[in-house]
Amino acid sequence: MVIRSLWILFAVLLAGLTCSAHAEASVEADGRGRPITLWHAYRGAEQQALQNTLSAWKLRQVETLAVPYDAYAAKLAAAIKLGQGPDLFIDAHERLGNYRSRKLVAPVGDALSDPDAFLPQAMAAIRHGGQAYGVPLSQKCVALFFNPTWVKAPPLYLEGLNAALRQPLPTGSFLLAYENGNAYAHAALLHGFGGRFLDDHDGFAFLGPPAESSLIFARDLVTRGEVPENADGALVTTLFRSGKAAFAISGPWLAADLSAAKIPYGISVLPRLKATGQPLRPFLTIEAVMLTPRGAARSEVRALARYLGGRDAAKRRQKLARVDSARRDVVPDEKDHVLRAFRQQAAQAVVMPSSLAMQAVWEPARRALRQVLSARSDAGPALRQAQRRFADVRRPPPAPRSPTPWLLALGGLMLLASWRLYRRARDAEFREAVRRSMPAYAYVIHAVIAIGVLVVLPLLAGALIALYAGQPGEMYFVGAAHFLSLVTARGGDLLGSGSFYVVLFVTVLWTALNLVCHLAIGLSLGVLLARPVLRGRALYRVLLIIPWAVPSYVTALAWKGMFHRQFGAVTGLIHQLNRVFGTEMEPIAWFSRFSTALTANVATNVWLGFPFIMVVTMAALTAVPREVLDAATVDGATRWQRLRRVTLPMIRPTMLPAVLLGAIWTFNMFNVVFLVSGGEPDGQTDILVSEAYRWAFTRGAQYGYAAAYAVLIFFLLAGSTFFAARWRDRASSREAALAGGVS
Amino acid sequence: MAAITVRDLVKRFGDTTVLDGVSLEVPDGAFGVLVGPSGCGKSTLLRLLAGLEEPTAGRILFGERDVTDAEPRDRDIAMVFQSYALYPHLSVEKNLAFGLEIRKVDPDEIRDRVATVGDMLGLTTLLQRMPSELSGGQRQRVAMGRAIVRRPEVFMFDEPLSNLDAALRGQVRVDIRRLHSELQTTSVYVTHDQVEAMTLADVMFVMNEGKIEQAGAPLTIFNRPATRFVAGFLGSPPMSFIDAKIAHSSEGCVARIVAKEDELCLPLDPSVYREALADGQPVVLGLRPHEIRVVDSAAPLRARVLLSEKLGSETHVYASLAGTEITVRVDGELSLQEGQELGLDIEAAAIHLFDPETGKSWW
Ligand SMILES: Nc1ncnc2c1ncn2[C@@H]1O[C@H](COP(=O)(O)OP(=O)(O)OP(=O)(O)O)[C@@H](O)[C@H]1O
Ligand SMILES: [Mg+2]
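So the sequence lines, in the order shown, correspond to chains A and B. In terms of the working numbering, the first sequence opens at residue 11 and continues consecutively. In terms of the working numbering, the second sequence opens at residue -8 and continues consecutively.
Read the hints as simulated data drawn from the structure, not as lab findings. Because the structure is a prediction, the values reported are computed rather than measured. Virtual Cβ for every residue (Gly too), placed ideally from N, Cα, C. Please note that the accuracy of each hint is not assured.
[Claimed, not checked] Pairs of lysine to any residue residues, derived as SDA-like cross-links and limited to a Cα-Cα distance of at most 20 angstroms, are as follows:
(1) Lys95/B to Ala471/A
(2) Lys85/B to Thr648/A
(3) Lys91/A to Lys113/A
(4) Lys95/B to Thr648/A
(5) Lys301/B to Asp270/B
(6) Lys85/B to Leu639/A
(7) Lys95/B to Arg652/A
(8) Lys150/A to Asp80/A
(9) Lys150/A to Arg338/A
(10) Lys85/B to Gln651/A
(11) Lys85/B to Arg662/A
(12) Lys254/A to Arg350/A
(13) Lys150/A to Glu104/A
(14) Lys284/A to Ile226/A
(15) Lys85/B to Pro659/A
(16) Lys91/A to Ala471/A
(17) Lys351/B to Asp270/B
(18) Lys85/B to Arg652/A
(19) Lys85/B to Leu658/A
(20) Lys85/B to Lys91/A
(21) Lys351/B to Ala206/B
(22) Lys113/A to Leu69/A
(23) Lys95/B to Gln651/A
(24) Lys325/A to Pro289/A
(25) Lys351/B to Pro229/B
(26) Lys85/A to Glu484/A
[To be verified] FRET-style restraints, in silico, Cβ to Cβ:
(27) Ile556/A to Thr107/B: 54 to 60 angstroms
(28) Ala735/A to Val1/B: 50 to 56 angstroms
(29) Val96/B to Ala735/A: 34 to 40 angstroms
(30) Gly20/B to Arg740/A: 47 to 53 angstroms
(31) Gln162/B to Ile556/A: 24 to 30 angstroms
(32) Glu200/B to Ala530/A: 45 to 51 angstroms
Construct the complete structure from the given sequences, taking the supplied hints into account.
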């Protein structure tokens, strides 16, 4: 029966493969008749504008696919490598370095017929080595927003923001709101001081007097209370919308938000710095149509790209989506102050470098910025550390090794295994045993296949990546180089920041703290709620399970908000306490010290995790017979003695697996660490998984190195689970034996 | 040691009244047995005595001491539960020692006392085992040992034998009796098994629906049941009941059983009854199976055999007497056919009379 269904499955798969191969072939043969596929990450008005523009192009049918922005580059790369990618796609120019190095884009050729029609900065952004790799569509950068209620006219100098006010701001309001912990937003200041992130040869340039001055300036803005701390985009929007910030530095998204809400606002180019006399110059992003190698070969695709970059399409976009065109001949309307301001700003912005090295700048720069802003470090040392981090991430990947020794070892192992199998197969008894258990194999084979395909293969593939280096698509074998580099802390101080051992210690500490709190709270509540004396305990149970039912990232973000030093609920509580008791407690900057940041993380994770232990406790308690507790009562035990000497030992065998599971979850609790502290301060609260994530996704896609982390995490967990089980068996083999025999 | 006195005890769980004014007294050193059908409130009464539940009203006294509001640990009692309620995570030895350790008894003394009790109950070789490694009978003995080792003022047993097989039950019953005569500790024993009740009790309390129907020495209760319920509950096979009317005639007082087809008269012994029975008074006759004798079929009292159960030493015959089913106990040798006519003889003094309305006996 099973065998037959397997055959059927096999036949179906085979048929499917043949058909798809056939379809592929027919498409190739008839390439010119194929519709054009276009990928983009637009939403809302921009998406509508794109559809509108495309509907006016009659030459050939265009299929569009809106891909979420976060997954855009990864999806694009994977699809193009598999030959399933689009013919052309719209993306920001700063990804070109990455795309070019992976041969995902081709020069646009005659799609760009009149380069002079485009603004010079736009052309600079898409040109590489004399070739154009995109047709510019629009440009985006930040500018200065002001609230006309507070501000007479935008000032010339940044230092003169105060003087531009009609009257002093009330307490609780800020002069200026911008994402000051974000290196992208800091770029405007840095450029104003004459600094930059990268030099012309992809070297780290966020150093020296200009960089230090920019950091100190940013810090002083916070120290003077003119700028809110740790503001993210959402907070900037909220503060400006609610009139609690006189000025804001933000992009077209804020303009769209304010216009939609009909909130009056003014906008102008960023002011100058009195210190240098130079204007603040933000980073400029050019959105462009890019062609995949396959698309670039098709003339109708190039024609579409030309059309999208053309005057007519640009006008449509400007009218429908209110974006600033990258063309010279499409100028904003005389009355549209917003677009005019952005165009003016773009003219004096700095085109963001698109080289691969830029990817390695963001994280070190952000860390340095936050260190200085929270006054944990002076500008000089913070920047030097950032330089070291940049160099570490940019370090050339390990040299290729020959896989021969590994293959030999593998071959040897397999030989040994087959030899042993052969030896056993000669044993008649063994053969008989196999023959007898054949029917049993038929029953489990589908489960074995399913687990093999769904669990074992991905696990092995992931582990295999740890032996490779390089970008996806062109990975090469490096043997155990990643593991060596891991256990030697990349050649640095074994107990230095970011070393594997330090992160491991933090992870273990994090797990232990969580476990203790989960158990203490979960057990107490479970015991309390299992007692029949409590009124309305069904209600409490539901209420207490809610933290578990809410998606963990939602909870994590909510808790992160509560721990904000200026606007968080915890600070509100402290103020309230101060008011009631007349104390002078200072609000705590939770994420500026290791101890408090870890506390915040643990508090969040305890909130998320105690319901599990509570529910398991309640379930375990139902297995404790009432008569046994009554016997203890009659024997003279107090309530506490009953709990400690009877209930807890009796539920222990049931609780242990749950606790072990909880420990594993906590050990790998990426969401909380990443979303609440985000590793602050300075990566100190990062645990192994979040560190692995950073190597894979924010430090230049070093998947091999990240996979090495994953493999080590796997072995750590597997090992400790094994030893925990052994220890439990030995310590309580007798208790475990009776777990079922309670009567 | 102390006598147990219970006065007007009431226990309600929400709207359901489980105990409805129970009063009883177990003298110092006596073995009191609470017996009654399932759900009548025996366990509840015992749990109240132990302090595991709080009474809604009424008082409980141990000797002179009012313990109604005392915590269980201040009552100095030990209890054996129906499920034994051994601590599954502790060895037999630790199970025995648990109550002593809680009470901070000196470790040396604990060891002595555990050893003594282990000896007494034949548990010495089992001391290191876990409860899950014991048979039902062994667990039962550990549960007993756990109570004995405490040397309490009062022992309480809640159906401690109901999970044992018949043979073992008989043996442990004897053991309990022997232990009690050795220790002389006041005990309260709950059971729904009348054999246990009859054999163990110094003083017996028959309960029904939250009330005590009758209290007294077992034999007294058996011979002079105060109510139709008690009469029916005690005795195996149970007493047969027949509706009848009193008739005064020349031969004295008779009970006339009127049935569809015929009419029977049973002579009564008026000297047995405290009150004179009025002519025409409706009554319920109670006949114990062993007090009906089978005589030759020419006797005036005749019944037709419906079914007979041969138990070996005796046979229970279910027969129809004037349309009412009665049970007769006869010798095991006697062989009877279904439908056969029997002549019966019933001694006047052996007939119990009950009021059909109240169920009270006409003693
Ligand atoms: N905690 C409680 N809440 C509500 N009703 C209860 C509770 N405990 C007992 N009862 C009720 O009280 C009545 C007497 O129960 P109890 O356990 O005393 O009976 P019992 O005489 O011991 O019966 P058995 O011989 O079956 O053990 C039952 O109807 C039972 O449903
Ligand atoms: Mg009971």
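Given pair status - Thr648/A, Lys95/B, alpha carbons within 20 angstroms
It holds: about 13 angstroms lies between the C-alpha atoms, which stays within 20 angstroms.
Take the C-alpha atoms of Lys284/A and Ile226/A, compute the straight-line distance between them, and say whether it is at most 20 angstroms.
Distance ~15 angstroms between Lys284/A and Ile226/A Cα, so the pair holds.
Agreement of Lys85/B and Thr648/A with the hint, judged by alpha carbon distance not exceeding 20 angstroms:
Holds, because 18 angstroms separates the two Cα atoms, which is no more than 20 angstroms.
Looking only at beta-carbon atoms, does the pair Val96/B, Ala735/A fall within the given range of 34 to 40 angstroms?
holds, 38 angstroms
CA of Lys85/A to CA of Glu484/A, is that 20 angstroms or under?
holds, 17 angstroms
Between Lys85/B and Leu658/A, does the CA-CA distance stay at or below 20 angstroms?
holds, 16 angstroms
Hey, Lys85/B versus Leu639/A, does the alpha-carbon distance stay inside 20 angstroms?
holds, 16 angstroms
Is Lys254/A close enough to Arg350/A, meaning Cα to Cα at most 20 angstroms?
Status violated; Cα separation ~26 angstroms.
Going straight from one Cα to the other, do Lys85/B and Arg662/A come out at no more than 20 angstroms?
This hinted pair holds, its Cα atoms lying about 18 angstroms apart.
Within 20 angstroms, alpha carbon to alpha carbon, are Lys85/B and Lys91/A?
violated, 70 angstroms
Is the hinted pair Lys150/A and Asp80/A satisfied, with a Cα-Cα distance of at most 20 angstroms?
holds, 18 angstroms
If you draw a straight line from the CA of Lys351/B to the CA of Ala206/B, is it 20 angstroms or shorter?
holds, 14 angstroms
The structure shown violates the earlier hints numbered 1, 5, 12, 20, 22, 24 and 31.
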